[in-house]
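If you read the protein sequences in the order shown, they are chains Y and R.
Residues in the first sequence are numbered consecutively from 193, following the working numbering.
Residues in the second sequence are numbered consecutively from 67, following the working numbering.
Incorrect hints may have been included.
As the list claims (entries may be wrong) - Cβ-Cβ distance ranges computed for the label pairs, FRET-style: (1) R:307 - Y:205: 48 to 54 Å; (2) R:148 - Y:274: 49 to 55 Å; (3) Y:433 - R:112: 35 to 41 Å; (4) R:148 - Y:306: 21 to 27 Å; (5) Y:382 - R:358: 36 to 42 Å; (6) R:307 - Y:343: 42 to 48 Å; (7) Y:343 - R:171: 56 to 62 Å; (8) R:148 - Y:228: 44 to 50 Å.
Unchecked claim - On the chain Y side, residues computed to face chain R include the following (Cβ under 10 Å): (9) 224; (10) 226; (11) 234; (12) 417; (13) 420; (14) 551; (15) 656; (16) 657; (17) 659.
As the list claims (entries may be wrong) - Simulated coverage check for chain Y against chain R, where a stretch passes if three residues somewhere in it have a Cβ under 8 Å from a Cβ of chain R: (18) 203–216; (19) 406–412.
Simulated from the structure, these hints should not be mistaken for laboratory data.
For every residue, glycine included, the Cβ atom is placed at its ideal position computed from N, Cα and C.
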Amino acid sequence: MNVSSRRRLVLLYLVVAAMLITLGGRLWYVQVMNTTTYRNLAEQNQTRDVIVPAVRGQITDDVGNRLITNNAALTVSVDMMELSRRPGGAAPVLRRLAPLLGISATVLAEETRQCMRGVPAPCWAGSPYQPIPVAQHVPDQVALQILEQRAQFPDVSAQVQPVTQYPEPYGADPAQVLGYLQPITAQEIKSRHLQVTGFSGVDLVGQAGLEAQYDSQLRGKAGTQVVSVNAAGDVTGTVRQTPPVNGDDLVTSLNAQVQADAQNALDAAVAKSRSEGNNPRQAAAVVMTTTGRVVAMASYPDYDPDVWTGGISQQEFNYLFGAGSGAPVINWATMGQWAPGSTWKITSTVAAVDNGYPLGGSYDCPASVNIGGHNFINDGNPSEGPMSFTEALIQSCDTVYYQLGYDMYLSDDTQSNDVTSPNAPVQKMQKTELAFGFGQPTGIDLPEENPGSVPTREWLYYYWKDNAYAGQDWCKYGKEYGSYVQQIEWQDCRYGNVWEPGQAAIAAIGQGYVTVTPLQLADAYAALANGGTLYSPRIGEALISPSGKVVRYINPPVVRRLPASGYTLAYIRNALAGVVTSGTAAGAFGGFPLSKVCVAGKTGTAQVYGTQASSVFASFAPCGDPKYVVVAMVPDSGFGADVAAPAVRQIWDGIFGLEGHNAAVPGGAVPSALPRITAAGAIQAPAGYTREP
Amino acid sequence: MAGRSPVSYSSGGLATPRPGAFAGRPRSLLTRAFARNSALRSTDWILNAAMAGLSAIGVLLVWSATEPALRAAGLNPRAYMEKQLAWVVIGLALMAGVSLLGGRRLQALAPAFYGATLLALVAVLSPLGSQVNGARAWISLPGGFQVEPSEFAKVALVLMVGRVFSESRRGVARPAAVPGLRSVLLALACAAPLLALVAIEPALGGALVLAVVAATMIVLSGARLRVVAALAVIVGGGITAAGGLHLLKSYQLTRLTSFLHPHAKLSAAGYQAAQAKIAVGSGGMFGTGLFHGQVVAGNFVPSQQTDFIFTVAGEELGFVGAITIVFLLGVVIVRALRIAARADDLFGLLVASGIAVWFGFQSFVNVGMTIGITPVTGIPLPFVSYGGSAIFADMIAIGLLQSVHRRRRVFD
Numbered sequence: 193m194n195v196s197s198r199r200r201l202v203l204l205y206l207v208v209a210a211m212l213i214t215l216g217g218r219l220w221y222v223q224v225m226n227t228t229t230y231r232n233l234a235e236q237n238q239t240r241d242v243i244v245p246a247v248r249g250q251i252t253d254d255v256g257n258r259l260i261t262n263n264a265a266l267t268v269s270v271d272m273m274e275l276s277r278r279p280g281g282a283a284p285v286l287r288r289l290a291p292l293l294g295i296s297a298t299v300l301a302e303e304t305r306q307c308m309r310g311v312p313a314p315c316w317a318g319s320p321y322q323p324i325p326v327a328q329h330v331p332d333q334v335a336l337q338i339l340e341q342r343a344q345f346p347d348v349s350a351q352v353q354p355v356t357q358y359p360e361p362y363g364a365d366p367a368q369v370l371g372y373l374q375p376i377t378a379q380e381i382k383s384r385h386l387q388v389t390g391f392s393g394v395d396l397v398g399q400a401g402l403e404a405q406y407d408s409q410l411r412g413k414a415g416t417q418v419v420s421v422n423a424a425g426d427v428t429g430t431v432r433q434t435p436p437v438n439g440d441d442l443v444t445s446l447n448a449q450v451q452a453d454a455q456n457a458l459d460a461a462v463a464k465s466r467s468e469g470n471n472p473r474q475a476a477a478v479v480m481t482t483t484g485r486v487v488a489m490a491s492y493p494d495y496d497p498d499v500w501t502g503g504i505s506q507q508e509f510n511y512l513f514g515a516g517s518g519a520p521v522i523n524w525a526t527m528g529q530w531a532p533g534s535t536w537k538i539t540s541t542v543a544a545v546d547n548g549y550p551l552g553g554s555y556d557c558p559a560s561v562n563i564g565g566h567n568f569i570n571d572g573n574p575s576e577g578p579m580s581f582t583e584a585l586i587q588s589c590d591t592v593y594y595q596l597g598y599d600m601y602l603s604d605d606t607q608s609n610d611v612t613s614p615n616a617p618v619q620k621m622q623k624t625e626l627a628f629g630f631g632q633p634t635g636i637d638l639p640e641e642n643p644g645s646v647p648t649r650e651w652l653y654y655y656w657k658d659n660a661y662a663g664q665d666w667c668k669y670g671k672e673y674g675s676y677v678q679q680i681e682w683q684d685c686r687y688g689n690v691w692e693p694g695q696a697a698i699a700a701i702g703q704g705y706v707t708v709t710p711l712q713l714a715d716a717y718a719a720l721a722n723g724g725t726l727y728s729p730r731i732g733e734a735l736i737s738p739s740g741k742v743v744r745y746i747n748p749p750v751v752r753r754l755p756a757s758g759y760t761l762a763y764i765r766n767a768l769a770g771v772v773t774s775g776t777a778a779g780a781f782g783g784f785p786l787s788k789v790c791v792a793g794k795t796g797t798a799q800v801y802g803t804q805a806s807s808v809f810a811s812f813a814p815c816g817d818p819k820y821v822v823v824a825m826v827p828d829s830g831f832g833a834d835v836a837a838p839a840v841r842q843i844w845d846g847i848f849g850l851e852g853h854n855a856a857v858p859g860g861a862v863p864s865a866l867p868r869i870t871a872a873g874a875i876q877a878p879a880g881y882t883r884e885p
Numbered sequence: 067m068a069g070r071s072p073v074s075y076s077s078g079g080l081a082t083p084r085p086g087a088f089a090g091r092p093r094s095l096l097t098r099a100f101a102r103n104s105a106l107r108s109t110d111w112i113l114n115a116a117m118a119g120l121s122a123i124g125v126l127l128v129w130s131a132t133e134p135a136l137r138a139a140g141l142n143p144r145a146y147m148e149k150q151l152a153w154v155v156i157g158l159a160l161m162a163g164v165s166l167l168g169g170r171r172l173q174a175l176a177p178a179f180y181g182a183t184l185l186a187l188v189a190v191l192s193p194l195g196s197q198v199n200g201a202r203a204w205i206s207l208p209g210g211f212q213v214e215p216s217e218f219a220k221v222a223l224v225l226m227v228g229r230v231f232s233e234s235r236r237g238v239a240r241p242a243a244v245p246g247l248r249s250v251l252l253a254l255a256c257a258a259p260l261l262a263l264v265a266i267e268p269a270l271g272g273a274l275v276l277a278v279v280a281a282t283m284i285v286l287s288g289a290r291l292r293v294v295a296a297l298a299v300i301v302g303g304g305i306t307a308a309g310g311l312h313l314l315k316s317y318q319l320t321r322l323t324s325f326l327h328p329h330a331k332l333s334a335a336g337y338q339a340a341q342a343k344i345a346v347g348s349g350g351m352f353g354t355g356l357f358h359g360q361v362v363a364g365n366f367v368p369s370q371q372t373d374f375i376f377t378v379a380g381e382e383l384g385f386v387g388a389i390t391i392v393f394l395l396g397v398v399i400v401r402a403l404r405i406a407a408r409a410d411d412l413f414g415l416l417v418a419s420g421i422a423v424w425f426g427f428q429s430f431v432n433v434g435m436t437i438g439i440t441p442v443t444g445i446p447l448p449f450v451s452y453g454g455s456a457i458f459a460d461m462i463a464i465g466l467l468q469s470v471h472r473r474r475r476v477f478d
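Chain Y with its partners taken away, still in its complex shape (with noise of 0.2 Å):
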């Protein structure tokens, strides 16, 4: 044995010494010094957070009609990350699945490719971490046959997923006004702090209509549930939880038949429009008591709000929110801005009053004036001589209103009208139409509400300046001897901001530079018929908790006293119910048997310059106590006698059940109190009303 071998064991024994305490002391390091940091590394690892959404509340009509329900609903979804990292990635699983949930192969391609620049619209919108939702309502053996076959079938799940319906009560599908879910955006969770499961079926958002409007109300607050994982990430037991508070139910004003009357009347309106040679692409109409709830809003084109679950497709996209197609997505009642026509000739007389013109006073009917250079007849009739407001009104004679735009357009402060700013005052005439409520929102419970327009000095300084000022479209395409539009863009690029004695005429009976919504006029007219109160119009009635507890009552608030005097609105009521018996809308109303319910209008009719006329019914009723509003308005279609006067009618009929409709309020009367909602969930009409069957 020689001594080297020794000598160099002793080396060993260091080395091994050396390993040993450098073990020990990493041990101690790892296990006793950092105990903590890894504790809760581990925690990290092993918990999941797990959102429990809650239920979405539902959305009621007055009577306590589902007119949105929210259940849970086999659903298929498809884990677009993991499954395009597949060998041969997506489309053979796709082209599989897509006959086996009864779509074409395309369309399911189209719904679960991720939007992004240069991808067409039917996209996922939602986060690409999350299963795409493809198919819902799925029966239990298509669920069973992608569940069995993994081989087949990677990263496609079913699994039950809340679902919204719209079971559209008497056909009512006020699609616009209920606005729709779509899967929420990475800035919507962080701006509103939501809490999200990961799941695009779950995560959803309303996005328009009282969906988006009451949404943190509908949505409630969602549930945490702690759950241990393994590291295959399989759930296996709960820690703690926090259950989900389900989202309040919102009972609406709305009628569901009211709803279903109106948007048949301008279906029927419409189509009777297109008959006579005209093309009319949207139209509204709004039904409201006096008191400011809505209780239908029909806007034309409708849709089906079941294309919003499980992605829309292109061909969906493009009908939605396609020109071509009148845009159903948009809610025109709210949206639409179109020239009232002669139904602003209340706004005109009261402004005429106000400024010191006698109620009872006799204004000239020439067959035209000329003003500003310009002459303005009265709309195809002869001289009527001298009449009475109430005369004027029931023919709607438009020179009286021509004439007196143009004395109160002298009377005004005459200097402010070539101030080119924003602060230059209210005009005498247009100073009213605001008071009407014009020209601003209402402040209706809907997210998307357009201001319409009112000519004033303010508004025609922007409205020049956005078009004109800087060398925009006007100064562009305007000629100084070119076509009737050109000359006029010459014109406008010039002078636009200048507020002349022919747009103030013309102002005056509805037409030029004014524009309204249909809920606009419609509450107008609601303040016209009450008495003077302006109000903010109101959907919801009230929010109910999930155990049946009415949580916020929701009335609509008043926005302003009219500045016209009692005896003043009582004049052009009666007035309107003469133009229904014996004026423009008589033949419109001709047989209807106005002795059970006595109707009274004013018909409009706007010639908007390149396209057809515009027709327009303002109404409300009973005339001697009025309680309903009712309002059309059909764009591009005609004269306001023939097309939104017939389908005011229609409405009507449907409210008190004449002409062999079935009165959709029973006495007359919309209900007063709320209906009850259980806790369980049943629904029980208020007193005296009935459900749909």
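Following the hints, put chain R in place on chain Y, whose structure we already have.
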């Protein structure tokens, strides 16, 4: 020879000493067992105790590591534990048997064992071998058993290299002579096929153990330092070349370097290392107790009953349990070195020190990879990790140590 003294019962009339006067009295089995130089008394009981302690802890840890998954799968939750226990019992028998073999017998048996191991390693690569986790390292036997020849390669290497250096002495005049270049090359020639066959399985960890053991044995053989240095240069150059030629599979490189930055990218190896550290670290001073580890129950550390068994100890037994295991491993290694130092021939010294290095290197790398100081390699923790072949090889090694211990020098 102990217990075998000749006993004469002649009845002649000569005044010879009374029959049996010089003979040992007939002794009971018990007496013989505790005789001065009996197998029992010449056994290193401290080594055996440490080995038994580690094996017992191993059985418990294997049980705890596999119980939740087996229970969840609806299988017998003690299935792995029972198998491991069986292997430990068989291993103990193997150990006892080997410990009774003398040095000469061992040297004589070495080539046969070596040859059998080589054959098995070749068989692994043939269709007889079965692939697990990307490595062809197992031979399937009927009855669902699998043998991992690379574990036995360690035994074969220790015996064969020991024999090469011991033989070289016999023919030489000076027994204490320094082994020549010829012996060193012969030793290398014996080690190389084992190493190569294990490396191409591929079992990088096993090959590393063989390389380190072989290298240490060559150094301890007393070979001249310049021979050792020259060898080191050649081997170092070879490794560099292998790296340059991308002979290492990419996952091997990843595993070798991922411990440097375990959280950087959660590759499989990095994930394993990070999870292992979390498991060990979360154990704290006293651990969660057996069967109470959450990381263990969740199966977060892959291979937690085999190569990563130490994470189970770390989490469930805490620092106290972990340091106990390290201490027991230390006892085994130090006793092996002590046996090496007291061996009465070079064969004994080399075999014992080779085993010490084998256990030492495996322990350090295995424990180290769970606490982030060594790379993740497929090396089992001696006596503790689940696996029959490893247990058998470890136990045979203890048997070898005991055999060497019996022939220790009484005087230095």
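Each hint tested on the structure:
Range check, residue 307 (chain R) to residue 205 (chain Y): Cβ separation about 34 Å, and the 48 to 54 Å hint is violated. Take residue 148 (chain R) and residue 274 (chain Y): their Cβ atoms lie about 39 Å apart, and the range 49 to 55 Å is violated. Checked against the hint of 35 to 41 Å, the pair residue 433 (chain Y) and residue 112 (chain R) fails, with Cβ atoms roughly 54 Å apart. Between residue 148 (chain R) and residue 306 (chain Y) the beta carbons are some 52 Å apart, a value that contradicts the proposed interval 21 to 27 Å.
Separated by about 40 Å at the C-beta atoms, residue 382 (chain Y) and residue 358 (chain R) satisfy the suggested range of 36 to 42 Å. The beta-carbon spacing between residue 307 (chain R) and residue 343 (chain Y), approximately 45 Å, falls within the hinted interval of 42 to 48 Å. Range check, residue 343 (chain Y) to residue 171 (chain R): Cβ separation about 57 Å, and the 56 to 62 Å hint holds. Between residue 148 (chain R) and residue 228 (chain Y) the beta carbons are some 37 Å apart, a value that contradicts the proposed interval 44 to 50 Å.
At its closest, the beta carbon of residue 224 (chain Y) sits 5 Å from a beta carbon of chain R; the interface hint therefore holds under the 10 Å criterion. Satisfaction of the interface hint for residue 226 (chain Y) is found here, the shortest Cβ-Cβ separation to chain R being roughly 6 Å, below the 10 Å cut-off. Because the smallest distance between the Cβ of residue 234 (chain Y) and any Cβ of chain R comes to about 4 Å, under 10 Å, the interface hint for this residue holds. The beta carbon of residue 417 (chain Y) comes no nearer than 17 Å to any beta carbon in chain R, farther than 10 Å, and the hint placing it at the interface is violated.
Proximity of residue 420 (chain Y) to chain R holds as hinted, the smallest CB-CB distance being about 7 Å (cut-off 10 Å). Proximity of residue 551 (chain Y) to chain R is violated relative to the hint, the smallest CB-CB distance being about 84 Å (cut-off 10 Å). Here the hint on residue 656 (chain Y) is broken, as its CB sits about 61 Å from the closest CB of chain R, past 10 Å. A least Cβ separation of about 57 Å between residue 657 (chain Y) and chain R goes past the 10 Å threshold, and the interface hint is therefore violated.
The closest approach between the C-beta of residue 659 (chain Y) and any C-beta of chain R is roughly 57 Å, which is over the 10 Å cut-off, so the hint fails. With 9 residues bearing a CB less than 8 Å from a CB of chain R, the segment 203–216 of chain Y meets the requirement of three and the coverage assertion stands. With a threshold of 8 Å between beta carbons, the proposed coverage of the segment 406–412 of chain Y by chain R is violated, since 0 of its residues qualify and at least three are required.
Going down the numbered hints, you'll see the structure goes against 1, 2, 3, 4, 8, 12, 14, 15, 16, 17 and 19, while the others check out.
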